[in-house]
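Visitor: Since each chain comes alone in its own frame, lean on the hints to assemble the complex.
Sequence order for the protein chains is A and B. Just so you know, we're using our numbering here: the first sequence kicks off at 1 and counts up by one. Just so you know, we're using our numbering here: the second sequence kicks off at 1 and counts up by one.
Please note that the accuracy of each hint is not assured.
With a cut-off of at most 30 Å between alpha-carbon atoms, the simulated DSS-like pairs for lysine-lysine come out as follows [unchecked claim]:
1. A:K91 - A:K180
2. A:K91 - B:K26
3. B:K11 - B:K26
4. A:K91 - B:K11
5. A:K180 - B:K11
Calculated Cβ distances over 12 Å to all of chain B for the following chain A residues [claimed, not checked]:
6. P12
7. A15
8. F72
9. Q77
10. K91
11. G123
12. Q150
13. L161
Among the chain A residues that face chain B by a calculated CB cut under 7 Å, a handful are [said to hold, decoys possible]:
14. E26
15. E51
16. Q59
17. A125
18. E126
19. Q149
Keep in mind that the hints were calculated from the coordinates and are not lab data. Bear in mind that the values here come from a model prediction, so they are computed numbers and not experimental data. Backbone N, C-alpha and C fix where the C-beta goes; we use that ideal spot for every residue, glycine too.
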Amino acid sequence: MAQPQPVAPPPPPDAALIAAWQGGDERAAADLVRRHARALARFLTAAGAPEADLDDLVQETFIRAFRAVGRFRGQCQFRTWLLTIGGNALKDHGRRVSRHKVVPLDEGLQARDGDPHERAEAGEAEARLAAGVQQLPRLQREVFLLRAQQGFEYAEIAGALDTTEGAARVHYHHAVRRLKELMR
Amino acid sequence: MKEDAMLHDAKLQEAAQRLGSAAADKLDLERIATTVVERLREPEARPAWVPPAWLRVAAVLVVLVGGGLVLRHVRSPTTAHGAHFVTDDLTDLSADQLREVLNTLDETLDSVGTTPPESGFDDLDAQQLRAVLRSLEG
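Excised from the complex, chain B in its bound form (with noise of 0.2 Å):
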């Protein structure tokens, strides 16, 4: 048994010699002496283009800057002139047609369980119910 592993590890090692052996063998050794001879004679060619450090340092102040003023406008509140409210598109309704809305809302609130505000929204006048309606949007 051990004689047969030894015979396998002999015929790979065999194997692992001629690995290689013809295509060494093509190689024209005099022409690549000369030619690596001739290479060496070259300078040595420069890294590809390495930025100067000015330009470094320039790029990456304008990637802190840049990304401060991104997270800023990102962090920053929401402005008032940037909210839009349902009820700013409210203002031709008369006070009737507000009261519709409000109490389709009110069915749309009692729907999904919240109480029903007890008093109604019949002797509110238009400017009430449009400042109900824009405290129910938060």
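Extracted from the complex, chain A is given alone in its bound form (with noise of 0.2 Å):
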């Protein structure tokens, strides 16, 4: 009779590592970044983040996130209130550099699979709507970001930029509305 597999523990919930790290368990804040660094740097980017200054903006975010970790009341997910953070410091960036790029049309924006053709229609639409996105009002571009491209519903989204969810929808509306127009 063969020996049940040992299973793994489920990894321990947000808020177990954000307590750990209050008691000064430097382990809980890395697994922290490693689970919501790249769903970070997603936002960040699609938010008109610099792919040269990502690793800065992604450092910075978690830095006054885990400074801050005291006043998270737990109103929404850590990620959505971390990805709230992360668009602060990308328009902290923003006023020092006094620019903002257009994250360019390269390889990494294209489809990975299917045809050329197909792949290059994808690829140019992606380069429009990074385009799109980044001609969005700061709080359209937020809600749209948070909804269509991280997923969260309109409540968590609400808790997060401390505003209505009636608001929140009003806002991902006029976002799709506005790219729809831009993507024409």
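Guide: Structural data, given as structure tokens:
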């Protein structure tokens, strides 16, 4: 009779890692970075972060978040809260460099499978979307990315941005309408 | 029509989900995690130099006093010392020359519609003529 394989324990929830970090556990902070850094990077890039500065912006966002984690009251998920801090870090970065770069159309923006024609079309659509997203007002842009890119519910987005669910919904629909116009 | 819109929305969402993926995939998570933890060990950077309270109070006082002095200077009426009368430049002129100046002035006033004096300046001496000129200057 085969021995049952030991089942790996489920990963600790964010709340447990946050509490551990607040208790001085650096490994908990590192785990949170590993868990959320890519989502944060996707959000920042889509919101206009230059790729050359992405590493720094991700680090800066985590530093700000860990130092302010005492103010996180669980009004939304840690990731949503983190992304809004990332939005602020990006805004400050934009002020410092006084310019906004448009995400270039590179190989990374293109779909990785399908036929070459479809790939080219998808790549072109993404490039136009990237440019369009950066033309949106900040709140519309953040709501759109939190909803369409990160898949958060409106209630979650509202909690993170300190607004109402209805307002978040309206911002999203305005953003989508504008993006459709820009991509037409 | 609605189906088209939904399809379009779904495509938009798919495209949005792919945005930034390539750049995010290139990140070295282990290095970032290590760096973040190391940076968290460092004391929090203080904000740029903030002047102490006494210096801020002193700066406010300097602005208030300086501003008050400037205002006082601007608002004070022009002193006699600062005024300059054309008649001061006419002290060397004789009575005839002064009369000529007054007649020229008289013609100028006449041309802009001002009533000339009924009596002439012929019987006035140099001092009186200067007084007339000064009165015309205000």
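Visitor: Report the numbers of all earlier hints that the structure fails to satisfy, in ascending order.
Guide: 11, 12
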